[in-house]
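Going line by line, the protein sequences match chains A and B.
Position 8 of the first sequence, counting from 1, maps to 8 under this note's numbering, and the rest follow consecutively.
Position 3 of the second sequence, counting from 1, maps to 1003 under this note's numbering, and the rest follow consecutively.
Subject to a maximum C-alpha distance of 20 Å in a straight line, what follows is the list of computed DMTMM-like cross-link-like pairs (lysine to aspartate or glutamate): (1) A:K25 x A:D37; (2) A:K41 x A:E22; (3) A:K58 x B:D1214; (4) A:K13 x B:E1266; (5) A:K13 x B:E1221; (6) A:K58 x B:E1195; (7) B:K1208 x B:E1006; (8) A:K13 x B:E1272; (9) A:K58 x B:D1217; (10) A:K58 x A:E5; (11) A:K104 x A:D93; (12) A:K13 x B:D1217; (13) A:K58 x B:E1179; (14) A:K58 x B:D1216; (15) A:K13 x B:D1273; (16) A:K58 x A:D9; (17) A:K25 x A:E62; (18) A:K41 x B:D1168; (19) A:K13 x B:E1195; (20) A:K13 x B:D1216; (21) A:K25 x A:D9; (22) A:K41 x B:E1179; (23) A:K25 x A:E66; (24) A:K13 x B:D1214; (25) A:K13 x B:E1268.
In case anyone wonders, no lab produced these hints; they're calculated from the structure.
Note that the coordinates shown come from a computational prediction; the quantities given were computed from them, not determined experimentally.
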Amino acid sequence: MLVIEFVLDGRSKTNTYLQLVEQVKQALRVGLLGPGDQLPKVRDVAQSLAINPNTVLKAYRELEIEGLAQGRPGVGTFVTRTLAGDSLANQADLRLEFLAWLRKAQAAGLTDEDVSALVDTTIRAVRQADALQGGFS
Amino acid sequence: MEHVLEADNLGKRYGGRWALRDCTLRLPAGRVAALVGPNGVGKSTLLHLAVGLLRPDAGAVRVFGAAPYENTAVLAEIGFVAQDTPVYRDFTADELVRMGGKVNRRWDATLARARLAQLGIPPRRPVGRLSGGQRAQVALALALAKRPRLLLLLDEPVASLDPLARRDFLQSLMGSVAETGTTVLLSSHILADLERACDHLVVLQDGKVRLSGDVDDIVAEHRQLVGPRHLPLDGVGTVVRARHTDRQSTLLVRTDRPLRDPSWTEHELSLEDLILAYLADRDTPANHEAWGVPA
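Next up, chain A with everything else stripped away, as it sits in the complex (with noise of 0.2 Å):
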């Protein structure tokens, strides 16, 4: 049974590979994928999307690194976890918190690129930060 189906972003400037990855991500966090679901096999893959087979290797070798997928030597790559459940529960505090913040926002007169700018900068300051304290120079 084919689950799901890879599209790619042309236009993106993200590898294809990782485009993968976040795909298969998506998946995971929607619940379209879960636990015992077999990914697309490589060949259909490389076929489809007219690219190389090396590809598609490392974005499922990328999944199986974070613990979220496992090869199956002539059998094909499964899903070994999920990323929706926990998370999506808790997910419901979050989003009031934020949806009463972006009223804030868009009462002092943020539009919608405002703040998509204001959360890009921001989420990078923060990564600089935590990249700087732990002793990355």
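Position chain B relative to chain A; hints supplied.
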């Protein structure tokens, strides 16, 4: 790492002109490699040397460790689809599949027929009367029927075809690479196709290898830097190309270290931009005088 194709200072001369010179490269097994360069740069010469159709005038080329011109046995391991997919145009696809069985030691006719049936290729029409895309698929199916360990494709046989036929061809190619693990060397002008299909890159220019290696590594190592003119260049890495205005410098650099000088703004490059930057880096002087126009 096993190397399928090795060239050392390889050269080929036509009369007094070197079509290929000092060509040194290694193609690791299991890769899909793109061979890129302007017309007349020696791509087809390199591939013809690799399949033993030409004899080197300098240096050496080895395929699976053997020199193809002297060791015809190694040719059984190589599939070759030449420019414009030449097949005997009066023969039908079915006849070509049967003929292949008579002239090759290893021949998987079942595989060829299954591929062609899957693609809906008419078996009993002369291939000269098939569409260009169908003819390219026939040539690929015949090359794959040898079950080659190295597949060479010259000027991506479908480069002249419509986008749909080209996509069909690349899909077939990638599907069979996934099945067989064949190493592929593909020369092409269509850079956008290469970015997805290839994981190894060889850039030829003026008969020499300008750049060669793993695509992800190459993309990660190159950056475009924009900054004020006259900044010191130490610490930015190897400058591949530099352009200047009165106030600003734009550099293409190759480096494995993060940039320390914050006066530079970094931009990432796509594989296509990068290849174009390398290929554009040659001196063709303007000739306003010859055209009789003011400079």
